[in-house]
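Engineer: In case you want the letters, here they are:
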Amino acid sequence: MLHVPKLIAAATVALVAGFSAPAVQAETPPDTLIQAWSIDDVISLDPAEVFEFTASEILGNSYQGLIGYDVNDVSNIFGVIAESWEVAPDGMSISFKIRDGMKFASGNPITADDVVYSLTRAVKLDKSPAFILTQFGLNAENVDSMVVKTGDMSLDFKMDKPYAPTLVLYCLTATVGFIVDKNLVQEHEVDGDMGYNWLKTAYAGSGAFTIREWRANEVVVLERNDNFSGDAAPMMRAIYRHIPETSTQRLLLEKGDIDIARNLGAEDIAALQGNPDVVIDSGVKGSIYYLGLNQKNEFLSKPEVRQAMKYLVDYATIADTIMKGKVNVHQAFLPLGFLGALEDTPFSLNIEKAKELLAAAGLPDGFSVTMDTRNTPEITGIAEAIQQTMAQAGITMELIPGDGQQTLTKYRARNHDIYIGRWGPDYQDPHTNADTFARNPDNSDDAASKPLAWRNSWDIPEMTAKADAAVLEADAGKRAEMYLELQREHQEVSPFVIMFQEIEVLGRRANVNGFVVGPSFNDNSFKAVTK
Amino acid sequence: MSLTTNDPGGRSSAPSRFLWKVTKLLATLAMTFFGLLLVTFLIGRIVPVDPVLAVVGDRASQSVYDKAFIELGLDKPLYEQFWIYLQKVMTGDFGQSFLTKKDISEDILRVFPATVELATVGILIGTILGIPIGILAAVKQGKLADQMVRVLGLIGYSAPIFWLGLLALLVFYAKLGWVAGPGRIDIAYEYSVTQKTGLLLIDSAMQGQWDAFRNVFSHIILPASLLGYFSMAYISRMTRSFMLNELAQEYITTARVKGVPEWRIIWVHALRNAAVPLVTVVALSYAGLLEGSVLTETVFAWPGLGQYLTNSLQNADMNAVLGGTLVIGVIFVGLNLLSDVLYTLLDPRVRRRG
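If you're matching them up, the sequences are chains A and B in order.
Just add 330 to the spot in the first sequence (first one is 1) and you have the numbering used here.
Just add 1 to the spot in the second sequence (first one is 1) and you have the numbering used here.
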């Protein structure tokens, strides 16, 4: 006990020493790109399974697909691993020729075997993104006869119907179509799992970077691939650090301990505007913010009420104040940048008009509904603003806050009144959103497919047929016209109040150049970043 | 009658009494953990979150969804799911995380050292500062020093740690640059220290990498000080009240009358007796920190148990939640036992009885 004062003295000295330890002057290594991002959604690194935003971006920088598109003009499709392709006259198959001389990071050459293996593997594993390939009539049983090698460097991709070639090609640019190193994956196959358990945390690709390590909720480390066939990446290493708190990301960026902050809040962006060391970049993304009005609700199922709701959102104010540059007002189900996207924005806040519509529906005094609201600051902010404008027309809207998984679980069971959601396209073709917003093949409770139209119990056999017809139109111009028409009708009658299109915003140090924000998440690229 | 109690044969029952005690202890432990698992399991299943969603995502087809549903064993009745889980736990298999598909034990071994390191430094700071401050407050009862300690303690009780954490980062990291930022270690040292214990301070010191050690220290000191401050608030209040209690005892008056120096009365006579209940206070504070403070870990991007458990809970990853809860249960029970043992060392009366 006599030593207690001495201990205190020692502790004080240690503390003082600790505090005055010269902090290493913050600067990231010149050959390493360090990004702060909330990466807790990563559950796999296997192209056959990846479907999350973050993991898609990681794969986009480390794997290659048969084909790609220009991020500035998505209609410009070009070959990556494929040198060329040809659609059969009957439109029932596409023949691909593989580029010569390309290698995987392992040093193995890329051949038709790898491509056939990768596509059949994704279909047979049948994980979440598999439907992007299986929608062409492929399944575990028939895929071996549908995706066939026709030579060392060529293969055929067959389908059950003559789908629009653009649809097929865009689907092949999705991460599920990325090509894995057959020999390497097969070395790690256990009990016929096609290397699934291994590739979940490993890497077998040919992209600009290799994935060295992923520690869940902590870090992802990528290293330059010296066997990459394209221009070598200027950065030796690229690291994602899991920083869940946006204000912490901002502090790290201001201090220069990271190069890019990926999850800045509207407040953080405003605060960083005047900082000469930091540049705010943005790019239009495909995600759409919308309200889903459940047609099982007696009020919401009235056409006039659906219409009135579209006049009770203060689109412009929400975009400018709550979202501060992170969204554009957008009111059709196809985001800008997609083939056939409709740019009209016929709705704006109009209380009088909404009241007239409610009166026409026999509800002059309004009604009460609930809205399931994911408890993120942005969604909550939008929801509260809508709650206020709805109240002006007599609609009492109660917000039910919940965690993301919780609100989603309820939405998928059709137990909501109104759901405020965000929907990102799965691939770059218009069918991805038409499929979910404007198709509902079976509205029964135990339907096999449950698109957004189903979740809101919107039974639309005629519109479903129109959406199906657009999938088989080979002429891109005619196809675009079909989607425009579909969206105009949808905009007027649907139980979806489509409000905004997302803009992805990031903050980078002024010396960091060359980060590309593409339309879909696997287009975000740091392959050419310099500093 | 008195003969039987004095029967020397009674002594031979001492080992069996010991055995009985141990058996009772084990049975209590088993019941505690069983109850803990049962309650956690039920809560996890009642939470209105679909665990399959976290695995397959929102877009999966119905066939993919159904396959995952069966893989996770959710098609079986609740009691059967629990029974299967219990059987596995008995053999030391905590199952796999739904999300990472890794063994729970592997996941916890990865995240727990980060929390242990932070909690240990935190409780050291809290104890080393809290006890003297508490003593000071007791000795100067009602005076300015006491009031200042009270204010300090109240702030510690009431200020949200999330806010204090951000404020501390802003001041000491962003503005003054005295400490390193969020995270456990700078990227530059990330791969130079080989992780053996997972406690980076110890690993770097053992490998003689003093630059890395300083860096790790510079990262840990701020969050640990915050946690330390919070436990200090509690420890100092408790020390004050225990000390006031002791200082009012007659033996203190006796010692004073005998002319024992005041510092000796306070630091030896009184503190020694106050130390007994203080052990429990410190042990429970430590256990509280070892659960992992979610908010501190979030603000400081600290990849520890708190973040892991929260993320698992939000995704209804039940195996991970159950595994983490067990670890926390073991910590609480273990530290409780430890404080019981320390009692017997510190308190002669307990020692004699034992």
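These are calculated hints, taken from the structure and not from any lab test.
Don't take each hint at face value.
[To be verified] Only pairs whose alpha carbons sit at most 25 Å apart, straight line, appear in this in silico DSS-like list of lysine-lysine:
{"no.": "1", "chain 1": "A", "residue 1": "K740", "chain 2": "B", "residue 2": "K77"}
{"no.": "2", "chain 1": "B", "residue 1": "K176", "chain 2": "A", "residue 2": "K530"}
{"no.": "3", "chain 1": "B", "residue 1": "K176", "chain 2": "A", "residue 2": "K454"}
{"no.": "4", "chain 1": "A", "residue 1": "K808", "chain 2": "A", "residue 2": "K796"}
{"no.": "5", "chain 1": "A", "residue 1": "K427", "chain 2": "A", "residue 2": "K491"}
{"no.": "6", "chain 1": "A", "residue 1": "K740", "chain 2": "B", "residue 2": "K68"}
{"no.": "7", "chain 1": "A", "residue 1": "K530", "chain 2": "B", "residue 2": "K103"}
{"no.": "8", "chain 1": "A", "residue 1": "K632", "chain 2": "A", "residue 2": "K740"}
{"no.": "9", "chain 1": "A", "residue 1": "K585", "chain 2": "B", "residue 2": "K176"}
{"no.": "10", "chain 1": "B", "residue 1": "K68", "chain 2": "A", "residue 2": "K530"}
{"no.": "11", "chain 1": "A", "residue 1": "K454", "chain 2": "B", "residue 2": "K102"}
{"no.": "12", "chain 1": "A", "residue 1": "K433", "chain 2": "A", "residue 2": "K585"}
{"no.": "13", "chain 1": "A", "residue 1": "K685", "chain 2": "A", "residue 2": "K626"}
[What the hints assert, rightly or not] DEER-style ranges, computed between Cβ atoms:
{"no.": "14", "chain 1": "B", "residue 1": "W211", "chain 2": "A", "residue 2": "R542", "range": "25 to 35 Å"}
{"no.": "15", "chain 1": "A", "residue 1": "K626", "chain 2": "B", "residue 2": "L43", "range": "42 to 52 Å"}
{"no.": "16", "chain 1": "B", "residue 1": "G209", "chain 2": "A", "residue 2": "A562", "range": "45 to 55 Å"}
{"no.": "17", "chain 1": "B", "residue 1": "V269", "chain 2": "A", "residue 2": "P731", "range": "47 to 57 Å"}
{"no.": "18", "chain 1": "B", "residue 1": "L79", "chain 2": "A", "residue 2": "N773", "range": "43 to 53 Å"}
{"no.": "19", "chain 1": "A", "residue 1": "A562", "chain 2": "B", "residue 2": "G199", "range": "30 to 40 Å"}
Glycine included, every Cβ here is placed at the ideal spot set by N, Cα and C.
Engineer: The structure should be examined with respect to each hint, and the outcome stated for every one.
Structural biologist: So, going through the hints one by one against the coordinates:
no. : hint                           : result
1   : A:K740 with B:K77              : holds (22 Å)
2   : B:K176 with A:K530             : violated (41 Å)
3   : B:K176 with A:K454             : violated (55 Å)
4   : A:K808 with A:K796             : holds (13 Å)
5   : A:K427 with A:K491             : holds (22 Å)
6   : A:K740 with B:K68              : holds (21 Å)
7   : A:K530 with B:K103             : holds (10 Å)
8   : A:K632 with A:K740             : holds (22 Å)
9   : A:K585 with B:K176             : holds (9 Å)
10  : B:K68 with A:K530              : holds (18 Å)
11  : A:K454 with B:K102             : holds (19 Å)
12  : A:K433 with A:K585             : violated (40 Å)
13  : A:K685 with A:K626             : holds (22 Å)
14  : B:W211 with A:R542: 25 to 35 Å : holds (27 Å)
15  : A:K626 with B:L43: 42 to 52 Å  : violated (30 Å)
16  : B:G209 with A:A562: 45 to 55 Å : violated (37 Å)
17  : B:V269 with A:P731: 47 to 57 Å : holds (56 Å)
18  : B:L79 with A:N773: 43 to 53 Å  : violated (31 Å)
19  : A:A562 with B:G199: 30 to 40 Å : holds (36 Å)
In this structure, the hints that do not hold are numbers 2, 3, 12, 15, 16, 18, in rising order.
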